[in-house]
Amino acid sequence: MDFKFSEKEERLREEIRQFARVELAGRNTIAGMEEESNDEDWEFAMSMSRKLAEKGWLTMAWPKDYGGQGASYFEQHVYADEASYWGIPGTSMGVSGIGWVGLSLMLFGSDEHKKKYIPLIASGDPDGVWCTAYSEPNAGSDFANIQTRAVKSGDEYVLNGQKIWTSCAHRARWCWMAVRTDTAVKKKQHGISLMIVDMKSPGIMVKPILNYAGVHIFNEFFLDNVRVPVTNIVGTENRGWYHLMQSLAFERHSMAPQFFGSARRILEYIVKYARETTYNGKILAGDPIIRNKIAERAIELETLKLFGYEITWKMSRGVIPVYEAARNKAYCDFFMQRLATTGTEIIGAYSQIDHASTWPRVMGLITRLYMMFPGLSIAAGTDEVQKNIIGQFKLGLPRAY
Amino acid sequence: MDFELNEQQNMLKTMARDFLSVECNKVKVRDLEKNEINYDPEMWSKMAELGWLGLIFPEQYGGTGADLLDLVILMEEMGRNITPGPFFSTVALCAIPLMRLGNKRQKENYLTSIAEGKSIWSLAVTEQRSGYETSHMNCSADYDGKYFVINGEKMFVPYARVADYFLVVCNTDKDTARNSGLAVFIVKAKSRGVKVEKFSTFAGDGQCRVRFRNVRVSRQDVLGRINGGRKVVDLIMQWGAVLKCAEICGACQAVLDMTNNYAKERIQFDKPIGSLMVIQHQLVDMFTDVEGLQYLVYHAAWLLSQGVKADVQVSMAKAKANQVYQKACIDSVKIHGAIGFTMDHDLGCYVRRIKSAEFMLGDTSLHLEKIAAGLGL
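Going down the list, the protein sequences come from chains E and W. Counting from 1, one number per residue, gives the positions in the first sequence under my numbering. Counting from 1, one number per residue, gives the positions in the second sequence under my numbering.
Honestly, I wouldn't trust all of these hints.
What the hints assert, rightly or not - With a cut-off of at most 25 Å between alpha-carbon atoms, the simulated BS3-like pairs for lysine-lysine come out as follows:
hint, chain 1, residue 1, chain 2, residue 2
1, E, 314, W, 13
2, E, 187, W, 271
3, W, 327, E, 394
4, W, 13, E, 394
5, W, 118, W, 195
6, E, 4, W, 309
7, E, 394, W, 264
8, W, 334, E, 394
Said to hold, decoys possible - Distance ranges between label pairs, derived from CB positions:
hint, chain 1, residue 1, chain 2, residue 2, range
9, E, 382, W, 21, 34 to 44 Å
10, W, 214, E, 7, 58 to 68 Å
11, W, 257, E, 63, 36 to 46 Å
12, E, 41, W, 15, 58 to 68 Å
13, W, 265, E, 320, 25 to 35 Å
14, E, 320, W, 266, 24 to 34 Å
15, W, 31, E, 276, 50 to 60 Å
16, E, 10, W, 21, 35 to 45 Å
17, E, 56, W, 46, 56 to 66 Å
18, W, 46, E, 320, 39 to 49 Å
Claimed, not checked - Just so you have them, the derived chain E footprint on chain W, three or more residues with Cβ under 8 Å:
hint, stretch
19, 276 to 286
20, 293 to 306
It is worth saying that the hints were derived from the structure and are not from the lab. Note that the structure is predicted; figures quoted are calculated from it, not measured. All C-beta atoms in this analysis are idealised placements derived from N, C-alpha and C, irrespective of residue type, glycine included.
Can you build the whole structure from these sequences, using the hints too?
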């Protein structure tokens with residue numbers, strides 16, 4: 001047993017710290033939150049993604065043949081943790097390109113796909129930004145229930161239907177989309193295909209959906225006779241479900257180190273705030289209830305850290321994580337809620353002030369997490385869905401749904 | 001980074017699981033709960049022969065020179081199976097401080113005999129109005145010019161009835177500020193003035209009240225330094241606590257396995273109850289808690305084995321262990337239904353040990369406070 005990072009991994013961490021100190025001077029961000037919501041933040045995120053591309057960090061996970069660095073899983077882990085700690089925006093260029101589209105194309109894309117899209121993603125430019133369209137009004141947790149139809153007509157598919165909760169669709173150049181290519185199937189998991197859709201295609205209409213904090217992250221998305229070349233099918237037609245499972249695993253595996261990084265920073269700020277703030281003539285850090293709650297959150301943070309180490313270690317040994325990714329996602333959801341709630345209790349009434357105005361405490365970090373965590377916990381699968389995966393694949397229990 | 005057990009640890013784990021399943025089934029566990037001495041001397045000798053008692057002692061003291069992580073693996077198996085007896089008090093609470101803080105003479109005198117299974121030890125620290133913080137201890141040791149004379153009472157001393165020696169934490173200087181006037185004495189259980197009264201605990205795990213009345217101890221029987229007793233207690237609060245956590249974690253794994261198996265076998269409404277989402281998700285939460293606890297324990301033990309300061313991580317493990325064990329047991333009873341609430345079902349053996357585990361070496365609030373202090377609050 002050994003819980004140390006190597007010297008090479010520690011050097012990378014130090015380099016990222018230096019980068020963040022220089023490039024982020026004066027900005028207070030939480031990685032992955034809200035960067036696509038307004039033009040100014042988005043432009044900054046894109047400028048950072050180009051810098052990350054130049055450093056080679058943006059696609060460090062990719063093999064060298066595809067312009068990546070072939071970084072080890074532990075180097076990726078350090079990057080995810082440290083970049084999130086500093087809140088470096090642009091690390092995933094919206095949501096999907098870096099995280100799973102590139103890696104999935106390498107696995108089951110055609111040569112033409114690889115040649116065309118991989119360099120675009122790796123450049124960090126706006127033309128390499130992807131959104132992912134899985135959910136539909138009647139296909140949420142029951143994702144296999146998707147109805148958006150793709151009907152073959154010559155060398156094209158004609159797409160009709162509706163997607164929803166599509167993050168970043170208003171910024172994306174391309175869409176990674178799940179569609180139904182066959183309706184005459186016994187199991188609804190069959191007959192699904194994965195395809196690349198050009199967001200500039202005629203017939204696509206993207207409408208913003210504001211979340212309850214008033215932030216524009218996700219969208220609804222209508223397809224009216226959208227024509228897509230048959231060569232845009234990724235992998236095998238009607239086998240999309242199986243490709244999607246792999247793609248979702250890419251999406252979930254880095255969640256623990258990413259959220260660990262953000263949470264580590266937030267907990268540090270909470271401790272600092274409690275030490276420096278007096279209320280009713282007493283220092284907050286002296287309050288036994290506050291001490292107790294912060295200690296509980298620190299245990300959860302440590303647990304999340306170790307879950308993150310464990311999944312990275314397993315992947316580095318060639319294991320494809322199944323229940324581990326689901327466990328980490330569910331644990332992040334649970335912990336996010338507890339951390340945000342404790343944080344707001346400690347900063348008190350200031351937790352209701354908009355982070356962009358003049359009075360927020362702790363730079364609005366806690367407020368932002370509090371307003372975002374319910375949405376984040378639904379994205380990439382609710383914790384109920386994750387628990388079904390753990391129950392079935394780790395505990396060997398019968399399907400519960 | 002490496003989460004894997006090494007070859008030696010895997011062998012130890014397999015050996016322990018095989019040995020305990022044969023030597024210590026739950027019928028025996030229940031018998032020993034009611035038995036006067038609460039342990040099986042024959043099994044104790046076999047554990048000595050297997051090298052478990054001296055597992056982490058240097059070879060010169062009859063040990064095998066294994067490290068703390070190896071002992072953690074063994075403790076986990078002992079907890080998984082429930083292994084009644086004075087192993088924890090002898091090895092974790094007493095032999096480790098003797099090994100790390102004892103002088104050469106003390107190590108020579110005592111460690112070999114422990115490794116050979118010839119002596120049982122226990123720690124006397126908590127009192128009616130004082131816990132592991134030791135700031136309000138009454139038990140005192142006054143120097144009369146020749147001997148230290150111990151007077152006072154200790155509570156919840158494990159296996160005191162069968163112990164040959166005690167480590168007794170005493171106040172040596174009532175005038176000094178808190179915690180600076182402590183010393184830890186090696187006291188023969190048969191010394192004149194020592195009186196032992198066994199508590200009737202749910203676990204039947206041999207915890208006792210021990211009274212010391214004018215018990216004379218020579219200067220050479222001080223472990224560590226006079227007025228340096230806090231250092232001994234701190235060591236026990238780390239190494240001992242991490243081992244208690246390992247034991248608890250093993251028990252949690254057993255409870256999880258038992259409950260998961262039952263949820264697959266028990267049919268109601270024409271299907272296994274484990275296929276009901278509400279039951280399944282409770283099991284998943286239990287699983288995640290137990291796996292998280294295991295990693296916290298391994299990580300804290302690894303830090304200690306590396307000689308790194310780990311008081312916060314140990315406290316995290318102990319606070320979590322206390323919480324997870326209690327929750328796992330109670331949820332398990334609910335999932336089992338009435339059968340889980342019977343004397344005949346093994347689950348009760350685990351339930352009866354919840355409070356014994358929780359209050360040994362610091363309850364949840366003590367450890368949460370240590371974490372808060374460690375964070376700089």
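Hint by hint, here is what the structure shows:
no. : hint                      : verdict
1   : E:314 - W:13              : 21 Å, holds
2   : E:187 - W:271             : 23 Å, holds
3   : W:327 - E:394             : 20 Å, holds
4   : W:13 - E:394              : 22 Å, holds
5   : W:118 - W:195             : 22 Å, holds
6   : E:4 - W:309               : 15 Å, holds
7   : E:394 - W:264             : 13 Å, holds
8   : W:334 - E:394             : 22 Å, holds
9   : E:382 - W:21: 34 to 44 Å  : 40 Å, holds
10  : W:214 - E:7: 58 to 68 Å   : 60 Å, holds
11  : W:257 - E:63: 36 to 46 Å  : 41 Å, holds
12  : E:41 - W:15: 58 to 68 Å   : 59 Å, holds
13  : W:265 - E:320: 25 to 35 Å : 30 Å, holds
14  : E:320 - W:266: 24 to 34 Å : 32 Å, holds
15  : W:31 - E:276: 50 to 60 Å  : 59 Å, holds
16  : E:10 - W:21: 35 to 45 Å   : 44 Å, holds
17  : E:56 - W:46: 56 to 66 Å   : 59 Å, holds
18  : W:46 - E:320: 39 to 49 Å  : 43 Å, holds
19  : 276 to 286                : holds (count 7)
20  : 293 to 306                : holds (count 6)
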